[in-house]
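Quick note, the sequences are listed as chains A and B, same order.
Each number in our numbering corresponds to the 1-based position in the first sequence with 1383 added.
Each number in our numbering corresponds to the 1-based position in the second sequence with 10 added.
These are computed hints drawn from the structure, not numbers from a lab.
The hints are all genuine.
Straight-line alpha carbon distances no greater than 27 Å define the calculated DSS-like cross-link-like pairs of lysine-lysine that follow:
#1 A:1396 with B:145
#2 B:142 with A:1476
#3 A:1557 with A:1396
#4 A:1605 with A:1589
#5 B:145 with A:1476
#6 B:142 with A:1396
#7 A:1557 with A:1476
Computed beta-carbon distance windows for the label pairs:
#8 B:62 with A:1621: 23 to 33 Å
#9 B:76 with A:1590: 40 to 50 Å
#10 B:37 with A:1385: 23 to 33 Å
#11 A:1431 with B:142: 53 to 63 Å
#12 B:117 with A:1401: 29 to 39 Å
#13 B:116 with A:1583: 51 to 61 Å
#14 A:1578 with B:72: 58 to 68 Å
#15 B:47 with A:1532: 56 to 66 Å
#16 A:1613 with B:117: 33 to 43 Å
These figures come from a predicted structure and were not determined experimentally.
For every residue, glycine included, the Cβ atom is placed at its ideal position computed from N, Cα and C.
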Amino acid sequence: MGNIIAIAQKELKSYFSSPIAYIVIGLWAFLYGWFFINILAFFVRQSMQMGQFSGQQAMNVNQQLIRPLLQNVTILDLFLLPMVTMRTYAEEKRSGTIELLLTSPVSDFEIIMGKFLGAMALYTVMLGVTLLHVALLFKFGTPEWKPIVTAYIGLLLLGGCFIALGLLISSLTKNQIVAGMVTFAVFLMLWIITWIGSFSGPTVDKLTQYLSIIDRLDDFNKGVLDTSHLIYYLSFIGFGLFLTAKSVDTERWRG
Amino acid sequence: MIEVQHLTKRYGPITAVDDVNFRVERGEILGFLGPNGAGKTTTMRILTGYMPATEGRAIVAGFDVFDQPIEAKRRTGYLPETPPLYPDMTVSEYLTFVAKIKRVPAADRRQRVGAVMERTRVSDMANRLCSKLSKGYRQRVGLAQALIHNPDVLILDEPTAGLDPKQIIETRRLIKELAGDHTIILSTHILPEVAQTCQRVVIINRGRVVAVDTPDALTARLRGSETMYVQVDAMGADATLAAMTLQRIPGVTRVVESDRRDLVVGYEVESDRGRDIRRDLSRVVVSSGWGLLELRPMRMSLEEIFLELTTEEAAAAAPVAEVPVGEPVNG
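Here chain A stands alone, though its shape is the one from the complex (with noise of 0.2 Å):
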C-alpha cells in the first residue's frame, strides 16, 4: 500500500511540475465555463418565458439545468483526460525510468494502481473545478443535492474507464503522441458506437448498447444508481488494469 501511494503521489507531482496540469485544468475549467454560461443563459431564458406563459410550474433546476451541463463534461472527459494518460507509461519507457521502477521491490499491481490512482486525483482536481458552479447554482436557487451527488459518482466512474484504457493504451508505445491519438480515437469509438445499433439487427443495436460507457451515465444524472451500471464501469476499470498488467508483463518477456 505504502508503494501504491508513493507511486500516486510521484505521478500527480510530476502532472504539476510539468505543464500538463495546468494545461488541462485551465482548459478544463475554460470550456467548462463556457458550456455553464451558455446553459445558464438559455435557462434563464426559457424560464422567463415558462413565467410569462400563464402560471406554469417553475422550471427544474435539476433537470434543465445540471443534468445537460454535467452530460457535457463527457465531452471534456473525452478530449482531455488522452492528455492526462498518454504519458504515463510513454514517457517512462522512452527515457528509461521504466527500468527503476521495474528493478525495484514494487509488483506491476502496486505501479499500475499508483499511476491509476495518481491520474483518478488529477481527475477529481478537475470534478473539483466543476463543483464550484454548481455551488453557485446553490447560492441562488435550490437544486436538489441528491442527484448532483450520484451525476459525480457516474463521473467519476466514466473517469475511471477512460483512464484504466488510456493507461492499457500508454503501457504499448513509447511515444506519448501516439498513446495520446490512439487513446481520443478510442474513446471517441466507444462515444459513437451505437450509431450502428439503428441500422442494423436487433442483435447488434443491443451489443454495441451494452458497450457504450456513455449511456449509462443517462441514470446516474437522473439520480439512479444502478449497480448493474456500477459493476459495468468497475468491471472495465478492472479489465483495463488487468489488460494494462499483462501488457507490462508481455513488454519484459520480450525486452
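Please arrange chain B on chain A, whose structure you already have, making use of the hints.
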C-alpha cells in the same frame, strides 16, 4: 552472493545471452567486459529482475530473481546505462522517492538521502532539477539512487560513461570503497578500468563467456613469452648487426625491429618465459658502445587480450601461446 547458471536469453530467433555461468563472491568486484551487443546489458537486466531469462537461473543475495523477485530486488541496487532520472524532480525529491519505493523505512529516509548524496558528491545539487544536471552529475545521481537502500549487490552498467577524467577517477575510487560492504558487478568498454577496479573479469562476446579470470592472470595467460622493448642509438653501426648481437644474448628467442628514427632503433626482444634478461641486455648494449635510450618490459595490454579473445579465430583456441607483433627482422 551472485550465482548465474546456464543463463540464456533469446529474442525470437536472436540469442542475446547463451548459456552464461559465473559466480561472484561477497565483497568482490566483477568486471563485465565485451563489445557492444555482446549481451552485457541483457545479463544485467536479468540479474536485476527487469526481464526474465529464457532458460537458466540467477540467484542474487540468496534469492532466485525469477521465483522471489521482490526479495532479490530489495537487496539489489542497479544503475542502468542511462541513469533513470525523472526530469521534473529535484535531486533530493528524486532520491526520497527512490528511497520510498526501495522500502527504506520512513524514519531513515532523510538520513539515507543525505548520506548517499554526500558519498556520491551531489549534495551541492540537492535542490537542482534532474533535467538541469550535467552528464557527470546525472551519472552520480544514478549511482546515489542505486546505493540508497544500502543493497548487498550493486549492478552498474557502464558507471563511468560520459564522465570527465577527474570524475572517472573519483567514481572508480568510490566503487572500490564500496566493494567491502557490497558485491559489485560493473560493465564497461574501458579496459584499463577493469584492470584498475575489478578483482575478476568476465569477458563476454556474442552472448557467450569467453574468459573468466583475474586481470593479471588473463594477461599472463596470453603472454607466452616475456618481451622487452629496448631503444638504442647504434652510433652508425648497422642495425641488422645490432639485432644479431642482441640475438646472441642467452635466453633471447627472437628480436624484432619495431621502429627506427635516423640512427635510433627500437627492438622488441622476446625471451623465454620467467627469465629476466634485463641485466644481460643492458650490458651488451653498453659494451657494444651504443647508447641505451630506453629499456622496459612490454606487456600485452588488456586491449590486446580483449581483441584476441573476441576475434572469432582466437576465441576458438582460447589459451593462445604466441602473440606475434610486428615483422621479424632476423629469424
